[in-house]
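**Student:** Protein sequence lines correspond, in order, to chains A and B.
If you count by the numbering used here, then the first sequence holds residues 1 to 162, one letter each, in order.
If you count by the numbering used here, then the second sequence holds residues 1001 to 1331, one letter each, in order.
Because the hints were derived from the structure by calculation, they are not lab data.
Just so you know, these numbers come straight off a predicted model, no measurement behind them.
Wrong hints could be hidden among the right ones.
DSBU-like mimics (lysine-lysine), calculated; alpha carbons at most 35 Å apart, straight line [as the list claims (entries may be wrong)]: (1) A/Lys-113 / A/Lys-7; (2) A/Lys-113 / A/Lys-38; (3) A/Lys-38 / A/Lys-7; (4) B/Lys-1002 / A/Lys-7; (5) A/Lys-38 / B/Lys-1002.
Chain by chain, the residues:
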Amino acid sequence: MAEVRMKVNGATTSVELEPRVSLLDALREHLGLTGTKKGCDQGACGACTVLVDGRRIVSCLALAVQYEGREITTIEGVEHPLRAAFVRHDGFQCGYCTSGQICSAVGMLAEHKEGTASAVTERVDAAPELTEAEIRERMSGNLCRCGAYNGIVGAISEVAAG
Amino acid sequence: MKDFGYLAATDLATAVRAKADRPDARFLGGGTNLVDLMREGIEAPDTLIDITRLPLTGIDERPDGSVRVGALVRNSDLAAHPLVRTRFPMLAQAILMGASGQLRNMATVGGNLLQRTRCLYFYDRTTPCNKREPGSGCAAIGGFNRMHAILGASEHCIATHPSDMCVALAALGATVEVESVRGVRRLPLLDLHRLPGDTPHVETALDPDELITAVVIPADPVAANSRYRKVRDRASYAFALVSVAAALAVEDGTVTAVRLALGGVAARPWRAVEAERVLTDAAATEAEFARAADAELAGALAQSENGFKIELARRTIVATLRRLAAEGSTR
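Just chain B, same shape as in the assembly (with noise of 0.2 Å):
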C-alpha cells in the first residue's frame, strides 16, 4: 500500500475544511472497503481524514416522525436499532444480508453509501475498465458478467452498484444530508448515485469535498409490512445476484399502496417507478404482480453471461409481493 498522511479530524468543520484543502485526501470510516481498495492500488490518496471521532452517531427520531442517522453509525447498529426493526424491517434486513458480522461492525452509513462497485474487472489492474481508468475501455462487455447490470448500464460500464441496505433506503425514500465548506446540502439518496452514461468514473453527484453526514428516513407507515429478499450464489456473505425491497399495503384485495426497489441490477439502488404505478390501485394478484415487474423490466438489457438476471428479478419481485400480501392482511 503506497504511503499516506493521517489526520484524524475531532470536529465537522476541520474535516470539511481539510478535504477542500486536498483534493487527494479521501475521508475514512470503517475502512471495510476504502482500505481494501488501497491494498489492492485501485485507491491511492495522499492522506486519510479519519472522521470516527466526529458525532455523527445518533439514530433519532424527529417529531414528524422520520428517523435521522448519523452516517457514522455502523450498520450493525443501525439494523439493532428498535425504531428500524418495527418500522421499516425491510431496512434491518437488509443490513443483515450484507457482508458478515465482523464487517457490519466497522461499517459506517456513509461509508456504506459510497461503496465501489465489486465488478471484478474494476479490481483487476491488468484489464481495462473505464471507472478505474476513464478512456481504457470495459471488459466485463463480453467478458465474466453474470454478476453485471440488466437496467442503465452503458456501452462503457455495466457494473452495479454492490449495497444492500441502499435498496431498502430507495425504497423508503431517504435523503442524504451532505456538507462541505459552502455549508449543508440535501438530496435524495435517489440522486446520489449515477448512471454510467459516458462519464462512468464520475459515480455520485456529491462535490469532491462534500461530505454525507446523515441519512434522513421520513416516516411511512406502508413500511411497517416490509420485506428484503435477496437471491446469490451462496446462502450468506455474498453479493447480491438480484434483490428486492418492497412494501406492501393492501385494502380488500386492492394495493393501496406500494415501494419497491432492486439491487444487483444497476449501477445504482433501481427504483421500480413504473412497477409501482402499475401496481398502485391494482388487484393484489399474482398476474398483477407479474405484469408489474414485466412493466420494470421492460427496458431490462441482457449481456452475454447475465440473461437469466431478468427472469430471476420478475420472480424474486412476485414472490417478494406475495409475501406481503399474504403478511399484510392476515395482520
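One chain only, chain A, in its complex shape (with noise of 0.2 Å):
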C-alpha cells in the first residue's frame, strides 16, 4: 500500500491504495466521485476522461500512484459553459459518456487555443480554426453509443465560438 496525495477538485486529499489502483477506481470508489465513468477500462471509450494539471487524459489507463502531487479535475469540479451547453444542445441521451465527453472537450479547446493542429488539419505548421470536422477528429477518443454526436458538436461549436 502507498499513501497517494492529490488535489483533487481543488481539494488536497490523500488515499491509502495498492499500486495497481487505476486514477478512475481511486476517483470513483476511494474518494466517491462517481462523476467520472468506467465504460470499456481500457483506454478506448473515453468515458473516465479527466483533467490532469489542465490535460485530458483517460483514468483508466492511468495508475494513481503514478499522479501523487498532481492536480486532478473531474466532472464534479468543472465550472464551464460547455454544460449548460449540452444540456441546451441535447449533447447527451442516456448521459454516460457525458461527463467524459465534457472534460475531454474542456481540454481540447485548451488544446485548440494553444494553437495544435489535428490529424485533419490541412497544414500541421499552422493554427487551424476549429471548424465542425477538427471538432470530430479532436473529440474522436470520446465514443457516444447513443449517437448524440451532432448534439456534442454543435454545443462545443457555440462554446468555442464564444
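Each chain sits in its own coordinate frame; assemble them with the hints.
**Tutor:** See the structure below:
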C-alpha cells in the first residue's frame, strides 16, 4: 500500500492505495467521485476522461500512484459553459459518456487555443480554425453509443465561438 | 491485475540499476499500453519502475541541426513542437493520426517505440500465440488476419507493429539512445525492431535491462516537404491498414531525394529502400512512383484475408508521392 496525495477538484486529498489501483477507481471507489464513468476500462471509449494539471487523459489506464502531487479535475469540479451548452444542444441521451465528453472538450479547447494541429489539419505548421471537422477529429477519443454526436459537436462549437 | 511492487525512480542511474537487479520488472512510462496488457494478463511484471519523474522531457536542437527528443516527451508535446511541425511535418502528422487526444497526452516517445502488437490473438489468452507463449503456434495464420503483415512475416508470426510515429521516424533515419548499467549506446531506429523469424517473442534489439533515453532525428532539408498518409477502417482513432511516411524533393521534373517508409505492413516500421533506390534520379511521374512501389512490394506475401493490402500499399505510396511532387514544386 502507498499513500497517494493529490489535489482533486481543488481539495488536497490523501488515500492509501495498492499500486495497481487506477486513477479511475481511486476517484470512484476511494474518493466517492462517481461522476467519472468506467466504460471500456481499456482506454478506448473516453468515458473516464479527467483533467490532470489541465490536460485531458483517460483515467482507466492511469495508475493512481503515478499521479502523486498532481492536480486532478473531474466533472464534479468542472465549472464551464460547456455543461449548460450540452443541455441546450441535447448533447446526450443516456448520459453515460457525458462527463467524459465534457472533460475531454475542456481539454480539447485548451489544446486548440495553444495552436495545436490535428490529424485533419491541412498544414500542420499552421494553427487551424476550430471547424466542425476539427472538433470531430479532436473528440474522436470519446465514444457515444447513443449517437448524440451532432448535439455534442453543436455544444462545443457554440462554446468555442464564445 | 496481478499485484506488483512499485518504485518511483528519481534519477537515471537508480532506474537502470533497479532494472538490472530485477529481471521481471518493467519500466512504466505513460502506461497506455503496459497497464492495458497487465489488466489483460498478457504482461505480469513483479515490479514497475516508474520513470516519469526522470528528466528526459527535453526537445533540443543541436548544433548540427539534429533534434534530440527525450524518451519521456509526451506524444502530443512532440507533435505540437514548432521544430517538428515545420521541419518534419510527416512526424507531427503521424503522431496526430495515432490514438486519441487523451492517449497522446499520456503516451511517451519511448513507450510508443516499444508498444506491443495489437494482433487480437496476442491479446486473446485462449488462443495460441508464439509471441505470448513461444512454441504454441500462430492463430492469426489462417485466422482473422486482414490487419496483419504482408512484408517480413514468418511461418511463426504475422503480427504488425502498431506505431504511426515510428514509421515517420524510420523515414527520417532516426537514432535511438539507450542506457543501462553498462553505459550508453546508440542504434538506428531501423535496427530497434526485429522481424519475427523463429523467435517472434524477441521483439527488439534491446537487452532486457536497457532503457531508451532519447530519439535523435537528423537534420534533413528534404523532410520539410513530407507527409504521412494513413488508411484505416474508421476516419479516426484506429490502427493503420497501411500507412506511408514520405518526403520528396523534385528538381526539373526529376526526383533528387526521397525518404519512404510503410506502416501496418510488417513487425517493424518498414523503410522502403528498394522504392527509394528506384526513385532516386527517376522522373517524378506517376508511372515511376508505381514502378518504385512495385519494386518494394515485389516480396509482399498475402495471408488468407489481407491480400488487399498489397494493392492498397501500392496505391497509397503513389498517391502520397504524387501529392508531395505537386506541393514540392509549387513552393
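**Student:** Does each hint hold? Answer for all of them.
**Tutor:** Each hint tested on the structure:
1. For the hint pairing A/Lys-113 with A/Lys-7, the CA-to-CA distance comes to about 25 Å; that is within 35 Å, so the pair holds.
2. The hinted pair formed by A/Lys-113 and A/Lys-38 meets the criterion: a straight-line CA distance of about 29 Å does not exceed 35 Å.
3. Among the hinted pairs, A/Lys-38 with A/Lys-7 is consistent with the structure: their alpha-carbon atoms are about 21 Å apart, no more than 35 Å.
4. Proposed proximity of B/Lys-1002 and A/Lys-7 is supported: the alpha carbons are some 28 Å apart, at most 35 Å.
5. Of the supplied pair hints, the one linking A/Lys-38 and B/Lys-1002 holds, its CA atoms being roughly 20 Å apart against a limit of 35 Å.
Of the numbered hints stated above, none is contradicted by the structure.
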